[in-house]
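In case you want the letters, here they are:
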Amino acid sequence: MSEKEKLALLEETFDVDEGALNPEMLLNDIDEYDSMTKLSLIVMVEEEFGKKLTGAEIKGFKTVQDILNVMV
Amino acid sequence: MINPMSLEGKSIIITGAASGIGRECAELCYALGANLLLLDLNKDGLLTLKDSLDGSNGSVIIREVDLENLDSIKGVIADAKNELGCSFTGLVHCAGIPSVLPLRALSNEQFERVMRINTEAGLVLAKCFSSNSGHDTSKQGSIVFISSVYGVVGSAANVAYATSKAAIIGMTKSLAIELVKKNIRVNCVAPGFIKTKMANGISSLFDNDYSDKIEEMHPLGWGEAIDIANVIAFLLSDASKWTTGAVFNVDGGFTAQ
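Note that the protein sequences, when read in sequence, are chains P and G. Its first residue numbered 1, the first sequence is counted upward by one per residue in this note's numbering. Its first residue numbered 73, the second sequence is counted upward by one per residue in this note's numbering.
Hints in this document: simulated from the structure, not taken from any laboratory. Note that the structure is a prediction, hence the values are computed from the model and not measured. Be aware that one or more of the hints could be misleading.
[Stated by the list, open to error] The calculated lysine-lysine pairs, modelled on DSBU-like cross-linking and capped at a C-alpha distance of 35 Å, are:
(1) G:K115 with P:K52
(2) P:K52 with G:K267
(3) G:K285 with P:K51
(4) G:K285 with P:K59
(5) G:K122 with P:K52
(6) P:K59 with G:K267
(7) P:K62 with G:K285
(8) G:K211 with G:K146
(9) G:K267 with P:K51
(10) P:K52 with G:K285
(11) P:K51 with G:K115
(12) G:K122 with G:K153
(13) G:K267 with P:K62
[Claimed, not checked] Here are some of the chain P residues that sit facing chain G, going by a computed Cβ distance under 10 Å:
(14) E12
(15) T13
(16) S35
(17) M36
(18) T37
(19) L39
(20) S40
(21) L41
(22) I42
(23) V43
(24) M44
[To be verified] Some residues of chain G that are not near chain P, with every Cβ distance over 12 Å (derived):
(25) A103
(26) S124
(27) N129
(28) D143
(29) D151
(30) G157
(31) D208
(32) S246
(33) K254
(34) V303
(35) Q329
Ideal placement from N, C-alpha and C gives every residue a C-beta, glycine not left out.
Taking the hints into account, I'd like the entire structure generated from these sequences.
Okay, structure coming up:
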């Protein structure tokens, strides 16, 4: 999956407009990065990449790139 | 001394018996003198539970069952009834799965799975229990369903679970009216947050202060499984013989606010 496709998947998960996310963005600066999005992230990563994210891993994410790094 | 909550002479089916509320309920019902049919997906948990019961009270039968396979339930009940040697006087459907998912992440399949285990399985169990071959028609029968505070009030990221538990309340009231002719009472308990493996699993998804926030939502703090089991035992006993169609909010005051 290309980075562009991963970002599109994240934008859908975050429920933001297409093109709204870039890898350098700080998650704390994204209003939509709330508990609902974190739960959706867990589901998306498991369904698309077969990985189960833990609460500790979620807490460790600082940037969009951190999330992209686990989407493999 | 009279014990109004005695369950001697009663034979009770309990689902989800290997852990949490179901396990606590099984231990209490056994101590109160009931014969038990314990159902769960976790066979090892059932074996551990059965071994822990001291053998001085009623008979205990265990069956591994996947409640998601609704068609298998009838055969399991019938087979266990033959082994127990008597019909049943009580049914408690404690088994259930959580579903902490925002609407945007909820698939049709996930929703249907939650409904199948939490709600439809209860319906199938009630059907088996209330049949003339399931229920001991010489005695008053009692069905206890488990709803939730989230079947009564709303919460985000919980629509599948909340729907399944709200449906339990509708089922309770409808079946209470329909089954009165068969001398069967139907009630439900709507627990607040209690310390179980399910609750711990949900807590791990959120921030460290999640547990504190949950406690603050309950005027009496976190509950314990025995708090729910005590009410279930009351509803199974003759002490509640004039109670049917009721929803017991056992929630530390959560829904009183």
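For this structure, which hints from the list above don't hold up? Nothing - there is no hint that the structure violates, so all of them hold.
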